[in-house]
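Colleague: The opening residue of the sequence shown carries number 2 in our numbering; numbering runs sequentially from there.
Honestly, the hints are just simulated from the structure, not real lab data. For clarity, every value in this text was computed on a predicted model and none was experimentally measured. Where a beta carbon is used, it is the ideal one built from N, C-alpha and C, also for glycine. Hints are not guaranteed to be accurate.
Below, simulated DSSO-like cross-link-like pairs (lysine-lysine); rule was C-alpha separation at most 30 Å, straight line [unchecked claim]: (1) K286 with K93; (2) K142 with K224; (3) K93 with K142; (4) K93 with K140; (5) K140 with K74; (6) K224 with K9; (7) K224 with K286; (8) K93 with K9.
DEER-style ranges, computed between Cβ atoms [what the hints assert, rightly or not]: (9) T13 with A159: 17 to 23 Å; (10) T13 with Q105: 19 to 25 Å; (11) R36 with A159: 50 to 56 Å; (12) E127 with T274: 43 to 49 Å; (13) N284 with E156: 24 to 30 Å; (14) R188 with M2: 20 to 26 Å; (15) Q105 with R36: 34 to 40 Å; (16) D277 with E156: 15 to 21 Å; (17) S288 with V239: 17 to 23 Å.
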Amino acid sequence: MVATVTLKATTTEPAVTLPAIGQGSWYMGEGLAPRRDEVRAIQQGLDLGLTLVDTAEMYADGGAEEVVGDALKGRREQAFLVSKVYPWNAGKRSAIQACEASLQRLGTDYLDMYLLHWPGSIALEETLAAFEQLRADGKIKRFGISNFDLDEAQEWHALSGQDTAVNQVLYHLGSRGIEHSLRPWQRQQDVVTMGYCPLAQGGSLRQGLLSHPELQAVACELKISVPQLLLAWAIRPVDGQRDLIAIPKAVQPLHVQQNAEALNIQLSSEVLTRLDKAFPAPNRKTSLDIV
Numbered sequence: 002m003v004a005t006v007t008l009k010a011t012t013t014e015p016a017v018t019l020p021a022i023g024q025g026s027w028y029m030g031e032g033l034a035p036r037r038d039e040v041r042a043i044q045q046g047l048d049l050g051l052t053l054v055d056t057a058e059m060y061a062d063g064g065a066e067e068v069v070g071d072a073l074k075g076r077r078e079q080a081f082l083v084s085k086v087y088p089w090n091a092g093k094r095s096a097i098q099a100c101e102a103s104l105q106r107l108g109t110d111y112l113d114m115y116l117l118h119w120p121g122s123i124a125l126e127e128t129l130a131a132f133e134q135l136r137a138d139g140k141i142k143r144f145g146i147s148n149f150d151l152d153e154a155q156e157w158h159a160l161s162g163q164d165t166a167v168n169q170v171l172y173h174l175g176s177r178g179i180e181h182s183l184r185p186w187q188r189q190q191d192v193v194t195m196g197y198c199p200l201a202q203g204g205s206l207r208q209g210l211l212s213h214p215e216l217q218a219v220a221c222e223l224k225i226s227v228p229q230l231l232l233a234w235a236i237r238p239v240d241g242q243r244d245l246i247a248i249p250k251a252v253q254p255l256h257v258q259q260n261a262e263a264l265n266i267q268l269s270s271e272v273l274t275r276l277d278k279a280f281p282a283p284n285r286k287t288s289l290d291i292v
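All chains, full assembly: derive it from the sequences and hints.
Modeller: In structure tokens form, the structure reads like this:
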């Protein structure tokens with residue numbers, strides 16, 4: 002059964018159900034891989050049901066948005082498209098200009114969701130006003146935040162109320178800090194967590210996770226790859242509820258296929274216990290892990 006997560010209804014949009022694994026685009030558009038391969042990877046992901054595509058004006062100075070735009074030509078309606086605004090572009094007028102520039106690079110006239118990339122010096126009231134104007138103008142359908150720790154998320158939520166769709170933060174098995182305070186609070190507010198770097202491309206542990214003996218042993222027993230194990234763990238139900246969407250980036254066809262297959266992997270309580278033992282959940286509040 003394909004794992005899904007539901008974004009709650011807002012004052013203007015009905016609830017929407019999305020796959021629990023989407024597609025990230027960080028480092029796309031930087032020449033690290035041929036552009037045609039990056040475009041094909043996103044299209045392959047769409048074909049396999051990875052319909053949420055995440056990008057940002059920051060990524061390759063807009064280059065990633067251009068890659069995503071190429072991939073979505075003729076297929077825009079198949080994707081749930083997310084982009085993010087720099088905090089210094091998040092003023093009442095500048096956020097509107099930044100969003101319009103992103104839309105142009107993406108070759109679309111609307112975003113399904115627009116996020117403030119991280120907290121900055123511009124007043125949140127001003128950013129929220131811009132987001133609400135963009136929504137009223139039909140340029141975005143939903144909005145949310147990214148890299149907001151608990152106190153910052155609470156401040157934003159006090160202003161925006163039920164209209165905050167998600168908080169996108171770093172999350173993987175080796176970086177579980179959000180589990181202590183932030184994620185439980187977001188669950189109470191029905192705010193979905195989007196987890197970036199779910200394959201430990203960044204954060205406190207980085208690449209050590211992929212070569213960890215216990216993870217390799219568990220993956221071998223389950224006949225899956227370690228990245229698939231990490232994705233299945235990241236999107237696992239918590240208290241019977243899925244509330245996290247993982248957004249790995251992939252360019253190689255095999256990796257895209259494996260990411261999609263992870264939507265169908267269910268981890269037993271025994272496996273989860275083993276992973277908890279190897280990488281214990283936090284017992285205190287820690288600073289938000291950011292890359």
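Colleague: Determine for every hint whether it applies to the structure shown.
Modeller: Hint by hint, here is what the structure shows:
1. The straight-line distance between the Cα atoms of K286 and K93 is roughly 33 Å, outside the 30 Å bound, and the hint therefore fails.
2. Distance hint between K142 and K224 is unfulfilled; the C-alpha atoms sit about 40 Å from each other, more than 30 Å.
3. Distance check on the hinted pair: K93 and K142 sit about 17 Å apart at the alpha-carbon level, within 30 Å; holds.
4. For the hint linking K93 to K140, the alpha-carbon distance of about 15 Å falls within 30 Å, and the restraint holds.
5. Proposed proximity of K140 and K74 is supported: the alpha carbons are some 18 Å apart, at most 30 Å.
6. Between the alpha carbons of K224 and K9 the distance comes to roughly 35 Å, so the proposed pair goes past 30 Å and is violated.
7. A distance of roughly 35 Å separates the Cα atoms of K224 and K286; the hinted pair therefore is violated under the 30 Å criterion.
8. This hinted pair checks out: K93 and K9 have alpha carbons roughly 26 Å apart, not beyond 30 Å.
9. For T13 and A159, the Cβ-Cβ distance of about 20 Å falls inside the hinted range of 17 to 23 Å, so the restraint holds.
10. Distance hint for T13 and Q105: a CB-CB separation of about 23 Å, consistent with the stated range 19 to 25 Å.
11. The hint said 50 to 56 Å for the Cβ distance between R36 and A159, and at roughly 42 Å that hint is violated.
12. About 47 Å separates the C-beta atoms of E127 and T274, a value consistent with the hinted range of 43 to 49 Å.
13. For N284 and E156, the hinted distance range of 24 to 30 Å is satisfied, since their beta carbons lie about 26 Å from each other.
14. Distance hint for R188 and M2: a CB-CB separation of about 22 Å, consistent with the stated range 20 to 26 Å.
15. The given range of 34 to 40 Å is broken by Q105 and R36, whose C-beta atoms sit roughly 18 Å from each other.
16. Between D277 and E156 the beta carbon distance is about 32 Å. The supplied range of 15 to 21 Å is therefore violated.
17. At roughly 22 Å, the beta-carbon separation of S288 and V239 lies within the given 17 to 23 Å, and the hint holds.
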